[in-house]
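Protein chains in written order, with numbering that gives the first Met the number 0: chain A, 0 to 345; chain B, 0 to 345.
Simulated from the structure, these hints should not be mistaken for laboratory data.
Mixed in with the good hints, there may be bad ones.
What the hints assert, rightly or not - Here are the simulated DSS-like cross-link-like pairs (lysine-lysine), alpha carbons at most 25 Å apart as the crow flies: (1) K241(B) - K61(A); (2) K119(A) - K37(A); (3) K217(A) - K241(A); (4) K61(B) - K223(A); (5) K275(A) - K173(B); (6) K309(B) - K294(B); (7) K223(B) - K61(A); (8) K65(A) - K61(B); (9) K241(A) - K275(B); (10) K234(B) - K275(A); (11) K214(B) - K223(A); (12) K193(B) - K241(B); (13) K144(A) - K275(B); (14) K65(A) - K275(B); (15) K30(B) - K113(B); (16) K294(A) - K144(A); (17) K234(B) - K234(A); (18) K241(A) - K220(B); (19) K220(B) - K173(B); (20) K65(B) - K234(A); (21) K275(B) - K150(A); (22) K217(A) - K241(B); (23) K65(B) - K241(A); (24) K234(A) - K241(B); (25) K61(B) - K214(A); (26) K65(A) - K197(A); (27) K65(A) - K214(B); (28) K217(B) - K65(A); (29) K27(B) - K223(A); (30) K309(B) - K61(A); (31) K214(A) - K214(B); (32) K119(A) - K275(A); (33) K144(B) - K65(B).
Stated by the list, open to error - Pairwise CB distance ranges (calculated): (34) P69(A) - Y195(B): 55 to 65 Å; (35) R246(A) - D38(B): 50 to 60 Å; (36) W175(B) - P187(A): 25 to 35 Å; (37) N86(B) - A212(A): 47 to 57 Å; (38) D298(A) - P121(B): 27 to 37 Å; (39) W175(B) - A212(A): 40 to 50 Å; (40) W175(B) - K286(A): 25 to 35 Å.
None of the values given here were measured: they were computed from a predicted structure.
Beta carbons: idealized from backbone N, C-alpha and C, even for Gly.
2 protein chains.
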Amino acid sequence: MLILRRRMSCLASVLRYSDYGEPANVIKMCKEQLEAPKDDNLLVKIVYAPINPADINTIQGKYPVKPEFPAVGGNECVAQVMELGSNVKSFSVGDIVLPLATGLGTWRTHAIYKENELIKVPKEVPLVEAATMSVNKCTAYRMIKDFVELKAGDTLIQNGANSAVGQDVIQLCKIWGINNVGIVRDRPEIDQLKEYLKELGATEILTEEQCRATKIFKEGKLPKPKLALNCVGGKNSLEMSKHMGQRGVMVTYGGMSREPVLVPTSALIFKDHEFKGFWMTRWKAEKGKSDEAIKMATDLFNFMKDGKLKAPKHELIPYENYKQAFENVLSLKGFAGAKVILDFSK
Amino acid sequence: MLILRRRMSCLASVLRYSDYGEPANVIKMCKEQLEAPKDDNLLVKIVYAPINPADINTIQGKYPVKPEFPAVGGNECVAQVMELGSNVKSFSVGDIVLPLATGLGTWRTHAIYKENELIKVPKEVPLVEAATMSVNKCTAYRMIKDFVELKAGDTLIQNGANSAVGQDVIQLCKIWGINNVGIVRDRPEIDQLKEYLKELGATEILTEEQCRATKIFKEGKLPKPKLALNCVGGKNSLEMSKHMGQRGVMVTYGGMSREPVLVPTSALIFKDHEFKGFWMTRWKAEKGKSDEAIKMATDLFNFMKDGKLKAPKHELIPYENYKQAFENVLSLKGFAGAKVILDFSK
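Only chain A is shown next, with the shape it has when bound in the complex:
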């Protein structure tokens, strides 16, 4: 499928910006001459690179990550190794890889990355799954693992259950035997959405209205949630937190409603609830290519190989049509639609 060409230098097409603004205005396709990789560097050919909401916000200058200009967009991808620096030990030409680090600028046909920024992807892992692993699936994995000890039979509750992360949370909970209750906004096609998410592995899907009134926890149909994952904020996070048991933890990783998280005083004092946040970018900056990071990648690769952890709904758009791609991303309401993936494979 991929054509490998060994050569001493390479002319890359790069989606680059030198000022903050709307992506369609500030992103320009440029050519960049890449020299042969030295030392611990590798030359890779990018295959797929998603456009995530945080990438858009970074380009708009609304994200706390402030790149140096000129900057290349994108934070994740799947790529193939084309050429090795002389000190590279753990990769071979032809290997499929993905970046563990963030801020590498992945919207480009070719890139020079360092050995310790990459991890090898087993051949059996589908490429679109691999391309969408390092932001959303890693976020879902860490949030389930790092805040509360969840055993099979415990319960997790999340809003935005139909978001890309939400769908990964559902699949991982199913794999680990964790009851998971998802909250979504009401909509005309709510029945189809519920069916889709339940097939993915959701124990129960509730609309925001139903979340307010549900008695599944009070009546003991499910144990009270130990962990709540919040990407909405405002009243919805408040309603969700009311279901949490003693010492429940709510982890916020997004704020689609643009309203602050509302925390009842009594829940903090008498139920010992804790409210924390998670940011994959910080985790990666702190953990790098640690044993923990490798263990996570290995687990996720295995789940994807087995077909238990799938890519979100997506559309592949050739990178030359990047303006169209941005338009498709920005026309989505929140995380509702298909993930747009720039296709560099041709």
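Could you slot chain B onto chain A? The hints should help.
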């Protein structure tokens, strides 16, 4: 000052209630015959017992602690040992003691308590200080110690700085060399209040308005707070949290505004702020007479002996006038006035 009478039984006056309601309506003064203490029990004569807001809420049925009826009001006191059960090893008749446990019902002239519910108060500790130690001063101590590692030169910020706990926080911070910034509501006598709290040890006292605009943290006059203590909630807690540095923790122990704590999504995700609660009642139930509890009491006793940790403003009211005492407590707006302490010493 106290008259000790050894006797085999004792007729106690007890402020008791058998139904939830307004304290002045449901609390009745009753007589109760106490038998001589057996085994690990002690007979004590109560000297002083404060009326705390939580005591009122418990009697009103608005508190999560639900006593068995008939119940005796009150959760803290200072008392003198009158008679020992045969197995009591660590106390002598005449010792001054206070309860480490909660829910013992302290509004009574005499009580039978267990050895492991009490701790001995050194003779040099003033009795009013001792009587008001186990709720407010212990709350202040634990909140400063248990959530963030604060070193001398670090900064803590708190609202309700003029509350009883707030004043204890100020004094403890001064003892430990921790910068402490207090927020209070604006009021006609704001200058006197600021002066009073600064004399107590506050580094800076700001009105809510001033808190919003202050640049003392941005301009580096003080390091950004690592810990925020919240007993107000609503917008005030939001404004306070904005000053916290990376990984700052806000601990909520009250909600005077009766509004939920507002937590900005971006602070959770990008600044890694954490929002937790503290409830002294739970801490005591879990820790009992542990080494930690004894270490805390010893520290506080030493500070009180040295005159570095004072009782809050208070008024002593003879226990027979308990209806007047409740009236005085309930006429206070929040924690603004003097703490009412029932006086059983006569």
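Exercise for the section: Decide if the proposed pair is consistent with the structure: K241(A) and K275(B), CA atoms, cutoff 25 Å inclusive. Expected result: The hint holds at about 15 Å.
Problem - Restraint check for K309(B) with K294(B), where alpha carbons must lie at most 25 Å apart - result: Distance of about 19 Å is within 25 Å: holds.
Problem - Restraint check for K220(B) with K173(B), where alpha carbons must lie at most 25 Å apart - result: holds, 18 Å
Practice task
Measure nothing beyond the straight line between the CA atoms of K119(A) and K275(A); if it is 25 Å or shorter, mark the hint as holding.
Solution key: Roughly 32 Å separates the two Cα atoms, so the pair is violated.
Exercise for the section: Quickly compare the C-alpha distance for K294(A) and K144(A) to 25 Å and report which way the hint goes. Expected result: Since the Cα atoms of K294(A) and K144(A) sit roughly 12 Å apart, the hinted pair holds (cutoff 25 Å).
Exercise for the section: Would you mind confirming whether the straight-line C-alpha gap from K27(B) to K223(A) stays at or under 25 Å? Expected result: Measuring from Cα to Cα gives roughly 40 Å; hence the hint is violated.
Handout entry: 25 Å limit on alpha-carbon distance, applied to hinted pair K65(A) and K275(B)
Key = It is violated: about 30 Å lies between the C-alpha atoms, which goes past 25 Å.
Practice task
Decide if the proposed pair is consistent with the structure: K65(A) and K214(B), CA atoms, cutoff 25 Å inclusive.
Solution key: Holds. K65(A) to K214(B) sits at ~24 Å (cutoff 25 Å).
Practice task
Measure nothing beyond the straight line between the CA atoms of K234(B) and K234(A); if it is 25 Å or shorter, mark the hint as holding.
Solution key: holds, 16 Å
Practice task
Return holds or violated for the Cβ distance of P69(A) and Y195(B) against the range 55 to 65 Å.
Solution key: holds, 58 Å
Practice task
With a cut-off of 25 Å on the C-alpha distance, tell me whether K234(B) and K275(A) pass.
Solution key: Holds: K234(B) and K275(A) sit about 19 Å apart, inside 25 Å.
Handout entry: C-beta pair W175(B), P187(A): status relative to the range 25 to 35 Å that was hinted
Key = violated, 60 Å
This entry does not satisfy hints 5, 8, 11, 14, 18, 20, 22, 26, 29, 30, 31, 32, 33, 35, 36 and 38, going by the numbered hints stated previously.
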